[in-house]
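K.L.:
The chain contents come next:
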Amino acid sequence: MIVAERKPFDEIKELIHGYKKVLVVGCGTCVAVCLTGGEKEVSVLSAELKLSNKTESAPATFGEATVQRQCDFEFLDEIKDIVGEYDALLSMACGAGIQFLAERYPEIPVFPAVNTTFIGVNKDVGWYEERCKACGTCVLGMTGGICPVTMCAKSLFNGPCGGTNHESCEINSDQPCAWHMIYTRLAKQGRLDNIIKICPANDWRNQKPQTLVQPGYEERKASAE
Amino acid sequence: MNTNTKLQTDMEKIDMATDIAVIGGGYIGLKAASRISESGYNVILAPQHNDTDLNFSILDVPLTEMDRIKALETEVANNTNVEILPMSTLVEAKGVPGDFTLKFVSADTVLEKKAGAVVVATDTAVNPLNHIYGLNPAPNVVSLSEFENLLASEETKKEIQNNEKTVAFLVGFAHEGSPLLMKRVLNSVSELVGMDGCSAYVYVNNIKVADDGLERLYKQCRDNGTIYFKLQKAPTIIQENENLSVTFHDPVIRNDIELNPDIIVYEESLIADKTNLSLAETLRIDPGPMGFLQKENVHRLPVNSNREGIFVVGSARDVQGLSKSWIDVDNMVLRVKQLIGDGTKSISTKAVVDREKCTICLTCYRCCPHGAISWDDKAIISSLACQGCGICASECPMEAIQLIDFTDAEMTERIKEAAAVEAPNAPKIVAFCCQNSAYEAGMAAKAFNYELPAGLQLIKVPCAGKVDIHYILDALVEGADGVLVLACHHGNCKSESGNTYAQWRINDAYRKLAQIGIEKDCLEFATLASNMANDFARIVIDMEKRIGQKKD
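Listed in order, the protein sequences are those of chains A and C. Letter 49 of the first sequence, counting from 1, is numbered 49 in my numbering, and no numbers are missing. Count along the second sequence starting at 1, add 1000, and that's the number in my numbering.
Just so you know, these hints were derived from the structure itself, not from any lab. Keep in mind that the hints are not guaranteed to be accurate.
Anything over 12 Å on all C-beta distances counts as not near chain A; from chain C, calculated [what the hints assert, rightly or not]: (1) 1066; (2) 1260; (3) 1367; (4) 1476; (5) 1516.
Each pair of labels, with its calculated beta carbon distance range [as the list claims (entries may be wrong)]: (6) A:124 to C:1089: 24 to 30 Å; (7) C:1089 to A:167: 41 to 47 Å; (8) A:138 to C:1519: 28 to 34 Å; (9) A:80 to C:1011: 37 to 43 Å.
Just so you know, these numbers come straight off a predicted model, no measurement behind them. Glycine is no exception: its CB is placed at the ideal position from the N, C-alpha and C atoms.
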């Protein structure tokens, strides 16, 4: 899932400074699961904002709404009847959701309340770790299911580098060397020949805004256009 | 299974599996199987290791009981209502009370069994402590269990008697020990000094006699000629083949006292069965101290674990001998009958999941201290297992869980009302009080006419774990000058960790308040017991003074 973290309160306050009616919009999918932007966090953030506004002479007011996913127009439509009452939207979704909300309601300023941090896994309640950089060229089949793009500081496809240091990475002794982990995993599975193979370099030119149309839906897209 | 999407307060009718799984095939497991089947339930008995071949002498089982245990073994083996699985390991346990699915692996076969309840009846294991005394096991240097075996066999017993052996027992220097172990030592001593010509020295640290008849047994042995040396530290022992020497310094006569026994019996500790920890993990029950299966919590009445329908009996939960273990078995049978009855039960729902809101993040499943939550495509709360503490509801990121008696809407209303009550010239204090402790203490403080703040309003919660972080912030938003969260003491929470969750949330709230620029004085967490009316009054008055001064 996509993992995000709440922005510092001061930054959020600064972003919405001057707006008198703000709708805090949560998202019920990834950011809810990582305990950052679901319905509860929406209540908590608006309570914080209300508390902080109490001392002001003309306090702003805050509304709350949480949709199933901010990355789907149909769910964003569910708040269309109330957004008009607000002069700013404060989104707690990931960067994609925030942009889609802004695209759906282009006449109203939209501000982010969270920083989207990574694609990761859930280790325990409130504890997440990055596992994927969405590089577009998955090599996990060769690397024993350990991503060198994410886990190696240099994102090396053919490692390790000279900085591997007793199972750790040279940048930090707490950071395990991804290629040491890959070696250990492959050795355990008897697949060490994988590590000899040269993995072709990723086409980093793919790091531009991308669109994916599933092959079975190309005609659908064409007909819509 | 509750699949309702909206709140409902109806009684739920539940059909339960009536087979009861007993894990552990030693003398406690056998007794459990026998007693449960007497109550009309079928039993699945799953020995964890070779415990049918138990060395009974390691327990406080008098030799006269051995026949009874053998008879019990035969009875269970011939009982058609008891299915004895081959020696197996429990590898998976899914489901809820009344509907557990257990997976056992035995050699290379996998056995799947349905059970309404699970009874963990593992044995204690014995850990010899000779190394702590620097002793090497030898024919004349034996563990307590080995010495018991020598006395149990007519042949070796006669040998001891004919040679008029002098035996030195070492007790309580290698570990603290327990009355159960003391009883075993004294039983052996008593038998030994009853034999003509034999004598016993007992080198002992603290003499543990806190059990039925132990003090008497201790004196009886003394009257029969046993010599006790009560020492602060272990005597010096020299082991040279046949020659044994035990020396200690007597502070009264200011001399070293050396004795040369024929046999030294060193102590052992009783430790939890080695399978306990993996059983705890599989069954999702909290392990307690020393690898036993019950946490130190006053609400874990005998045989209860933190999960409804999973019972821990005898030495599975603590160091216990035969008589106490069998009392546990009787208690367990009562609890099984109470839970399973005739296999159907109507029960009121305590908490419901709004299946439209649930995003199946598993937070509730991971936080529930009672293992009451499972899932299909959404979270499901077992009405039988749920204790209504509300930890899940307060952790749910989508506010998808509501307690029937404490819905968020009602709580928000209650907070608004409480924060709106005006008391002239007094700060407004909203105190969230756990109904098991602080609320009772608060009511008592009122009844005893203790001086309480004029602006104090109590809000009852089922457990401090139900105090959502936004309740705290909402109370301040609505105008409260101070907020108190009053929980049960550590180790006293009915839901094990409700007080811990509350404490964590308070710490989180402190961070948030600091960012907003609000001083932390307005928020306090404290723990109480229900009889602490005086402390309740002190805590609330202290807060009034603190925030009252700020207000002025």
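K.L.:
Next, verify each hint and record whether it holds.
P.N.:
Okay, the hints, checked on the actual structure:
1. 1066: Non-interface label on residue 1066 of chain C holds, nearest chain A Cβ at 49 Å vs cutoff 12 Å.
2. 1260: holds, 56 Å
3. 1367: Given a closest Cβ separation of 6 Å, the condition is violated.
4. 1476: For residue 1476 of chain C, whose nearest Cβ neighbour in chain A is about 6 Å away, the distance does not exceed 12 Å, so it is violated.
5. 1516: Check fails; 5 Å does not lie beyond 12 Å.
6. A:124 to C:1089: 24 to 30 Å: holds, 26 Å
7. C:1089 to A:167: 41 to 47 Å: violated, 33 Å
8. A:138 to C:1519: 28 to 34 Å: violated, 51 Å
9. A:80 to C:1011: 37 to 43 Å: holds, 41 Å
Violated hints, listed in ascending order, are 3, 4, 5, 7 and 8; each of the other numbered hints is respected by the structure.
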